[in-house]
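Chemist: Assemble chain D onto chain S, guided by the hints.
Protein chains: 2
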Amino acid sequence: MKSKPLFCCCTAIALCLSFNHLAAQKSKAELNIEQFGARKDSHEDATAAVQKALAFIRKNKISKLVFPKGRYDFYPERAAEKYIFTSNNDEGLKRIVFLLEGFSNLLIDGHGASFVFHGYVSPFIIEHSDHITLKNFSVDWDRTFHSEGKILSADNEGIVLSFAEQFPYKIDNGVLVFTDKQHREYPYGSLLEFDPIKHETAFMASDYYFGHGQPAREISPGIVRLLSPGIKGNPGNVMVFNALKRLCSAITVSDSRNLSFDSLNIYHCGGMGIVALRSRDVSIRHLAVTRSPGTGRVLSITADATHFVNCGGKLLIENSLFENQMDDAANIHGIYVQVNSLLTPSKVTVQLKHEQQLGFDFIKPGGKLELVHNTDMEAYDTLTVKSVNRINKEFTEVEFTKALPAGLLTGKDVLASIDDYPEVTIRHCIIQKNRARGMLIGSRGKVLIEDNLFHTSGAAILFEGDGSYWFEQAGVRDVTLRNNLFDNCNYGVWGNAVIQIGSGVQKEFRNVSRYNRNINIYNNTFNVFDPRLLNGYSVKGLRFTGNTIKASDAYPNKFAGAKPFDVTDCSDLKIDGF
Amino acid sequence: MKSKPLFCCCTAIALCLSFNHLAAQKSKAELNIEQFGARKDSHEDATAAVQKALAFIRKNKISKLVFPKGRYDFYPERAAEKYIFTSNNDEGLKRIVFLLEGFSNLLIDGHGASFVFHGYVSPFIIEHSDHITLKNFSVDWDRTFHSEGKILSADNEGIVLSFAEQFPYKIDNGVLVFTDKQHREYPYGSLLEFDPIKHETAFMASDYYFGHGQPAREISPGIVRLLSPGIKGNPGNVMVFNALKRLCSAITVSDSRNLSFDSLNIYHCGGMGIVALRSRDVSIRHLAVTRSPGTGRVLSITADATHFVNCGGKLLIENSLFENQMDDAANIHGIYVQVNSLLTPSKVTVQLKHEQQLGFDFIKPGGKLELVHNTDMEAYDTLTVKSVNRINKEFTEVEFTKALPAGLLTGKDVLASIDDYPEVTIRHCIIQKNRARGMLIGSRGKVLIEDNLFHTSGAAILFEGDGSYWFEQAGVRDVTLRNNLFDNCNYGVWGNAVIQIGSGVQKEFRNVSRYNRNINIYNNTFNVFDPRLLNGYSVKGLRFTGNTIKASDAYPNKFAGAKPFDVTDCSDLKIDGF
Chain S
169 MKSKPLFCCC
179 TAIALCLSFN
189 HLAAQKSKAE
199 LNIEQFGARK
209 DSHEDATAAV
219 QKALAFIRKN
229 KISKLVFPKG
239 RYDFYPERAA
249 EKYIFTSNND
259 EGLKRIVFLL
269 EGFSNLLIDG
279 HGASFVFHGY
289 VSPFIIEHSD
299 HITLKNFSVD
309 WDRTFHSEGK
319 ILSADNEGIV
329 LSFAEQFPYK
339 IDNGVLVFTD
349 KQHREYPYGS
359 LLEFDPIKHE
369 TAFMASDYYF
379 GHGQPAREIS
389 PGIVRLLSPG
399 IKGNPGNVMV
409 FNALKRLCSA
419 ITVSDSRNLS
429 FDSLNIYHCG
439 GMGIVALRSR
449 DVSIRHLAVT
459 RSPGTGRVLS
469 ITADATHFVN
479 CGGKLLIENS
489 LFENQMDDAA
499 NIHGIYVQVN
509 SLLTPSKVTV
519 QLKHEQQLGF
529 DFIKPGGKLE
539 LVHNTDMEAY
549 DTLTVKSVNR
559 INKEFTEVEF
569 TKALPAGLLT
579 GKDVLASIDD
589 YPEVTIRHCI
599 IQKNRARGML
609 IGSRGKVLIE
619 DNLFHTSGAA
629 ILFEGDGSYW
639 FEQAGVRDVT
649 LRNNLFDNCN
659 YGVWGNAVIQ
669 IGSGVQKEFR
679 NVSRYNRNIN
689 IYNNTFNVFD
699 PRLLNGYSVK
709 GLRFTGNTIK
719 ASDAYPNKFA
729 GAKPFDVTDC
739 SDLKIDGF
Chain D
169 MKSKPLFCCC
179 TAIALCLSFN
189 HLAAQKSKAE
199 LNIEQFGARK
209 DSHEDATAAV
219 QKALAFIRKN
229 KISKLVFPKG
239 RYDFYPERAA
249 EKYIFTSNND
259 EGLKRIVFLL
269 EGFSNLLIDG
279 HGASFVFHGY
289 VSPFIIEHSD
299 HITLKNFSVD
309 WDRTFHSEGK
319 ILSADNEGIV
329 LSFAEQFPYK
339 IDNGVLVFTD
349 KQHREYPYGS
359 LLEFDPIKHE
369 TAFMASDYYF
379 GHGQPAREIS
389 PGIVRLLSPG
399 IKGNPGNVMV
409 FNALKRLCSA
419 ITVSDSRNLS
429 FDSLNIYHCG
439 GMGIVALRSR
449 DVSIRHLAVT
459 RSPGTGRVLS
469 ITADATHFVN
479 CGGKLLIENS
489 LFENQMDDAA
499 NIHGIYVQVN
509 SLLTPSKVTV
519 QLKHEQQLGF
529 DFIKPGGKLE
539 LVHNTDMEAY
549 DTLTVKSVNR
559 INKEFTEVEF
569 TKALPAGLLT
579 GKDVLASIDD
589 YPEVTIRHCI
599 IQKNRARGML
609 IGSRGKVLIE
619 DNLFHTSGAA
629 ILFEGDGSYW
639 FEQAGVRDVT
649 LRNNLFDNCN
659 YGVWGNAVIQ
669 IGSGVQKEFR
679 NVSRYNRNIN
689 IYNNTFNVFD
699 PRLLNGYSVK
709 GLRFTGNTIK
719 ASDAYPNKFA
729 GAKPFDVTDC
739 SDLKIDGF
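The listed protein sequences derive, respectively, from chains S and D. My numbering puts the first residue of the first sequence at 169, with every later residue one more than the last. My numbering puts the first residue of the second sequence at 169, with every later residue one more than the last.
No lab work stands behind these hints, which were simulated from the structure alone. These numbers come from a predicted model, not from an experiment. Keep in mind that the hints are not guaranteed to be accurate.
The list treats identical chains as interchangeable, and a pair is accepted whether it falls inside one copy or across any two copies.
Computed cross-link-like contacts, DSSO-like style, restricted to lysine-lysine with a CA-CA straight-line distance of at most 30 Å [said to hold, decoys possible]:
no. : residue 1 : residue 2
1   : K220      : K250
2   : K400      : K532
3   : K521      : K318
4   : K220      : K515
5   : K220      : K536
6   : K561      : K227
7   : K561      : K413
8   : K561      : K742
9   : K220      : K349
10  : K413      : K303
11  : K208      : K561
12  : K338      : K400
13  : K532      : K614
14  : K482      : K731
15  : K521      : K250
16  : K227      : K554
17  : K536      : K742
18  : K220      : K554
19  : K413      : K521
20  : K561      : K250
21  : K532      : K718
22  : K614      : K303
One chain only, chain S, in its complex shape:
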């Protein structure tokens, strides 16, 4: 390491004066990040400036922090640190640039700034805060968490890929490893082929899941043969190596309320765009999750664009664009824990079952939980929590105000909160060209989805929920889908109809369960290249009326002869043409 010049006294005095000046301005509600030493377009690390600004804001109850338009770079070195559990993402001791804990009434306005992050760092984590607005900036990374290789050729031994300079790699002991200039590594967990002309997942391409890296051989600098006999790909297409873990979502919110995200461009992150846990009243307007301009990349972010777990209040998403991300545009659900063992007649140990749900503590004294067999997924008892004793991120002891019912099945039954569900409005959005679904709707609050364009590789709308695999609580009660354009969805493998009402209700219980209720689909337009419009079971109140269906030849029809409406085990049905 080079020796650095000694601290300049002039700078010290200038900074002291600057801080005194700031202290004198307490009443002035607006701060400029430059006052804390950040210099736009300098490519210097602005993280320490953010830490100082946030400390000052907290102390002086400042309500606005602005960034003059320009580029700001953020590195892990001077970032805050906290162990973070984020449902549907990967836990870890994270470096965090904007860690807002217990903040109230704060607007951060980027005035069109570009925030460029470097390495394993979380841009925004907002906890136990209220009335927070983030607006007018973009989020991107210097080196992405995923990597992309252009397919040059394919044969029985595997495929040959060309990697651009933005995706540095090495062959380590015969295995392909992605790196960066700082020698950080970027493990990958799956591969998926993209069509770089259409800027979407290749027609009917499937994920390849691999552990422990891919055996590979470098042919020449930037040209690599993957030594994977089973792997296929079309020359000219792009193979995306997706990040193994979701460690660095762009914006993570928990236990907060009254949040507004406005005019944000999220070009990349190593996880989700916006994920909110146990929070209320979240508004998203003019959010673009899309490919980083000028990079030639086919992928935007490595997981869902937005995700909401055990949220309440009003949830609004409007005038937004969600494209090219590696998972769904929006996913809204609760969490089930499994009853692991009965400790006393009124006390159980519960277990968070999915690895990405560990540490999701939602059970509180006074809270109401539904008790559900994982077979029919319908509540058979309601319990009020008396006390909670968290053992570790996986197990919690819960005592109730009454005895558990006689039919309790430990190792099978699940519990979920019934205290709160969001009222959801999603309108005027474009959802396209991403891997998997458009929206997973699992709120029991009123849901309105209108005036959106869907062009998704999987189902445009999926209703899910199960107590055996993902342990996501869903089961809608009042959903309206109207005036949407469903344009040639399901060109990939992640759905069996444009609108799919599935769940983990086990086959022999589907005739008795009515897990989802009151879904109204009307005045939409469906452009379809295969017949599969609607698939569903265990629904009470399903209406599909007044929609316009147009045949398309945008993709090959691999499902000729399939039923437009594959609907069983439902009641109160009204489906035009069924």
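Modeler: Leaving out everything else, chain D in the frame of chain S:
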């Protein structure tokens, strides 16, 4: 998962009675773990019983917990959880069976019990506690963190290994991965050949370091060919795949005082036997770190037997056996942080540089630090800490009561505490057949090492310390080595003499630096198969007198003609025969 039977009311009532009975006995100072539901030799998980017992002990100020002799099994599921930084080990969110935080005056007596751990779990973590005694039990694991394969053959393509059932594995996508019955994985970071007849590292064997697993092919169940062209091994010997990380040391102590460890057998752990940080007055008596009986394994534990960082008070190790572990028997040192940048004339940012030192927070207001150039390693200023602001596990801002000196070199200079050093006594111990050194002595307190037997693959005694690689503060001031038998040490590659006084003093500064001082070596016996007795530089006060040197033919002499005493850049020397 199978449905489990409902809770038995009789058991509930019995437990309630049992707890009431306990509450009534508050005055009785001794508890039996069976009172909390543990059943010896049942192979049931006793972890929940330990959690209940510890909660009861804390509440009722109990001073003794006993285990009736027998086997007790411990699993991660019901263990406590905490993010732990342990210097010279790997940080992580750990599951902990005995988490003693803020305990005082407690004896845990195993009465000869066998504690058998399963998976990634830490047996004992003791923090901010005092007057704690652990005695009379053994620690072992159901499945070790390392794996061992018998070498069947070796050729230019690699080696063929046979794995016993106790080391389950799979070939995952062409790569060898070690597993267990619960499908946990056991990553390895290095390979080392052992001689199973002598029960020690093979003569002059070196570590092979590999990342990302070894390409391999299964020949038949249990027989695997490693496809590593560079790897060598002698048929009949055993290749040890050492754990990639040190995640589960047996006993970890921090910020505690008056600790006693007596009559413990540590047969295995995934890290160190006993590691103590920032603690005072630690006594170890009758500790055996050795191979698990009846398993046929060649390795005991995967890292150092004992390790002490920034400790003080009296440190005693006596009547103990340290053998077959993967690193040194004892290592005693402080930690240097690097001065990263100057923030004001009296304030710096310091950086913990070694990955396994991250989170080692030792700088406190009022503490005294020495300031050292990393070239000569001698203090050129002493500073008193005014305030500390931890940024993250890597960086901390430190303000001093005076300005930093003009000669400060950021990115090069290091700081370490000079408040406390342990007075060390190590006697009547056997240190043998492990990888690497016997003891690394880096305390500036009085050190006495007497009446021990050393048969180590590297140097028996190593004096170290540097500010460039390991960042370990050392530099002894008063060391006596007497009446020890050094029996055929240095049959491996981890030393250049039986007693080695090295350091990170850079070559051109060795003539001016006197980093180590006052080392007296007398009345010892050296059985040597090669001539190299003593190697050292930058020492003031080095005496090697009245020792008995005996030639041996126990191993081939690969260093014929080497000097017995390779000593330069020293003063106040007295070496018989030099």
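Chemist: Each hint should be assessed against the structure and marked as holding or not.
Modeler: Here's how the hints hold up against the structure:
In this assembly of identical chains, the alpha carbons of K220 and K250 lie at most 30 Å apart whether taken from the same copy (17 Å) or from different copies (29 Å). Taking CA atoms no more than 30 Å apart as the test, K400 paired with K532 passes in neither setting, with 49 Å inside one copy and 59 Å between copies. With identical chains, the CA atoms of K521 and K318 are never at most 30 Å apart, being 38 Å at best within one copy and 38 Å at best between copies. For the identical chains of this complex, K220 and K515 are inter-copy neighbours only, at 16 Å across copies versus 46 Å inside a copy, given an alpha-carbon limit of 30 Å.
With identical chains, the CA atoms of K220 and K536 are at most 30 Å apart between copies only, with a shortest distance of 27 Å across copies and 41 Å within one. Taking the shortest alpha-carbon separations for K561 and K227, only the inter-copy value of 24 Å comes in at or below 30 Å, while the best intra-copy value is 32 Å. With identical chains, the CA atoms of K561 and K413 are at most 30 Å apart both within one copy (18 Å) and between copies (22 Å). For a Cα distance limit of 30 Å, the shortest separation of K561 from K742 qualifies neither inside one copy, at 45 Å, nor across copies, at 60 Å.
In this assembly of identical chains, K220 and K349 lie within 30 Å of each other by CA distance solely inside one copy; the values are 28 Å within and 50 Å between copies. In this homomeric assembly, K413 and K303 come within 30 Å of each other (Cα to Cα) only inside a single copy, at 27 Å, whereas the closest approach across copies is 42 Å. For the identical chains of this complex, K208 and K561 are inter-copy neighbours only, at 28 Å across copies versus 41 Å inside a copy, given an alpha-carbon limit of 30 Å. Taking the closest pair of Cα atoms, K338 and K400 come within 30 Å of each other both inside a single copy (22 Å) and across two copies (25 Å).
Taking the shortest Cα distances, K532 and K614 sit within 30 Å of each other inside one copy (25 Å), while across copies they are farther apart (55 Å). Neither within a single protomer nor between protomers do K482 and K731 lie at most 30 Å apart by alpha-carbon distance, with minima of 36 Å and 81 Å respectively. In this assembly of identical chains, the alpha carbons of K521 and K250 lie at most 30 Å apart whether taken from the same copy (23 Å) or from different copies (20 Å). Within a single copy, K227 and K554 get their C-alpha atoms only as close as 37 Å, which misses the 30 Å cut-off; across copies the closest is 22 Å, which meets it.
Taking the closest pair of Cα atoms, K536 and K742 never come within 30 Å of each other, the shortest separation being 34 Å inside a single copy and 80 Å across copies. In this homomeric assembly, K220 and K554 come within 30 Å of each other (Cα to Cα) only across copies, at 20 Å, whereas the closest approach inside a single copy is 42 Å. For a Cα distance limit of 30 Å, the shortest separation of K413 from K521 qualifies both inside one copy, at 18 Å, and across copies, at 26 Å. Proximity of K561 to K250 under the C-alpha cut-off of 30 Å is found in both arrangements, the shortest distances being 15 Å within a copy and 10 Å between copies.
When the C-alpha separation of K532 and K718 is checked against a cutoff of 30 Å, the pair qualifies neither within a copy, at 50 Å, nor between copies, at 72 Å. Taking the shortest Cα distances, K614 and K303 sit within 30 Å of each other inside one copy (27 Å), while across copies they are farther apart (62 Å).
The earlier numbered hints that this structure contradicts are 2, 3, 8, 14, 17, 21.
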